[in-house]
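Asker: Between the sequences and the hints, there should be enough to build the whole structure, so can you do that?
Protein chains in written order, with our numbering: chain W, 1 to 112; chain B, 1 to 111.
It is worth saying that the hints were derived from the structure and are not from the lab. In this text the structure is predicted, and so the values were computed from the model without any measurement. Cβ atoms here follow ideal geometry from the backbone N, Cα and C, with glycine treated the same way. There may be inaccurate statements among the hints.
[Claimed, not checked] These stretches of chain B come out as covered by chain W in the derived footprint (C-beta under 8 Å, 3 or more residues):
hint, stretch
1, 23-37
2, 42-54
3, 80-94
[Claimed, not checked] From the structure, some residues in chain B lie toward chain W, with a derived Cβ separation under 7 Å:
hint, residue
4, Trp7
5, Gly99
6, Phe102
7, Gly103
8, Ser104
9, Gly105
[Stated by the list, open to error] No farther apart than 25 Å at their CA atoms in a straight line, the calculated lysine-lysine pairs in the PhoX-like style are these:
hint, chain 1, residue 1, chain 2, residue 2
10, B, Lys94, W, Lys37
11, W, Lys54, B, Lys94
12, W, Lys68, W, Lys54
13, W, Lys5, W, Lys56
14, W, Lys99, W, Lys68
15, W, Lys5, B, Lys94
16, B, Lys94, W, Lys99
17, W, Lys68, W, Lys56
18, W, Lys56, W, Lys37
19, W, Lys68, W, Lys5
20, W, Lys5, W, Lys54
21, W, Lys5, W, Lys71
22, W, Lys56, B, Lys94
23, W, Lys54, W, Lys99
24, W, Lys37, W, Lys68
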Amino acid sequence: DQQVKQNSPSLSVQEGRISILNCDYTNSMFDYFLWYKKYPAEGPTFLISISSIKDKNEDGRFTVFLNKSAKHLSLHIVPSQPGDSAVYFCAASDVSTDKLIFGTGTRLQVFP
Amino acid sequence: SQTIHQWPATLVQPVGSPLSLECTVEGTSNPNLYWYRQAAGRGLQLLFYSVGIGQISSEVPQNLSASRPQDRQFILSSKKLLLSDSGFYLCAWKAVDYGYTFGSGTRLTVV
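Answerer: What follows is the structure, given as structure tokens:
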């Protein structure tokens, strides 16, 4: 049972435009959400996170939105840059279990 | 500063051979440690996690096992590899502020 889902396996965006990556979850016990960026043959690197008590968190070009009622979060990248091309994973955590559950990832390609 | 070491970076093993991947963490004590696998076309799947020496929780029944012989050492093993064990294996540790730090990963190809 996939508790964290990223339904778009890939996304292609022109440089300078907005990239929107989506993530849905099913477990209402999740209370912390994170986005990771991963290049091939490397470990994921942390991008941005959001607690369930907030609905938005912003860090530079990256903004994460959380809609708890819809069990949905999204990552906005504005403006998109070619260096943003990578696989993006959303992840969710339940403090009672101490585990981080990842989605299946979305491959973002930013073209000039 | 805290660092995480994972090796080897790549590994090609025949079916039926044993496996041992090692992960060590520096600069922290009593970390939560995790093994993840990224298989082709799939996301990051949690395999094992450990909250202390000798404490291992298995998430997915499979051909693999994990051990934590020391506080900052986490080992992923198999007695006999299967083709389906191929993938990219990642070790991670969790900091107190929810941040997970990942190792550089091991690409395992079972042939």
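Asker: If a hint holds in the structure, say so; if it doesn't, say that too.
Answerer: We went through each hint and held it up to the structure:
1. 23-37: holds (count 3)
2. 42-54: Coverage by chain W holds here, the residue count being 7 at a Cβ distance below 8 Å.
3. 80-94: With 4 residues in contact (Cβ-Cβ under 8 Å with chain W), the coverage given for the stretch 80-94 of chain B holds.
4. Trp7: violated, 13 Å
5. Gly99: holds, 6 Å
6. Phe102: holds, 3 Å
7. Gly103: holds, 5 Å
8. Ser104: holds, 5 Å
9. Gly105: It holds, given that the least Cβ distance between Gly105 of chain B and chain W is near 5 Å, below 7 Å.
10. B:Lys94 / W:Lys37: Given that 25 Å is the threshold and the Cα spacing comes to 17 Å, the pair holds.
11. W:Lys54 / B:Lys94: holds, 22 Å
12. W:Lys68 / W:Lys54: Answer holds: Lys68 of chain W to Lys54 of chain W is near 9 Å, not above 25 Å.
13. W:Lys5 / W:Lys56: Holds - the C-alpha atoms of Lys56 of chain W and Lys5 of chain W are around 20 Å apart, at most 25 Å.
14. W:Lys99 / W:Lys68: holds, 19 Å
15. W:Lys5 / B:Lys94: Within the cut-off at roughly 22 Å; holds.
16. B:Lys94 / W:Lys99: The given pair, whose Cα atoms are some 9 Å apart, holds under the 25 Å limit.
17. W:Lys68 / W:Lys56: holds, 11 Å
18. W:Lys56 / W:Lys37: holds, 19 Å
19. W:Lys68 / W:Lys5: Distance ~15 Å between Lys68 of chain W and Lys5 of chain W Cα, so the pair holds.
20. W:Lys5 / W:Lys54: This hinted pair holds, its Cα atoms lying about 20 Å apart.
21. W:Lys5 / W:Lys71: holds, 11 Å
22. W:Lys56 / B:Lys94: holds, 23 Å
23. W:Lys54 / W:Lys99: This hinted pair holds, its Cα atoms lying about 21 Å apart.
24. W:Lys37 / W:Lys68: holds, 23 Å
Of the numbered hints given earlier, the model fails hint 4 alone.
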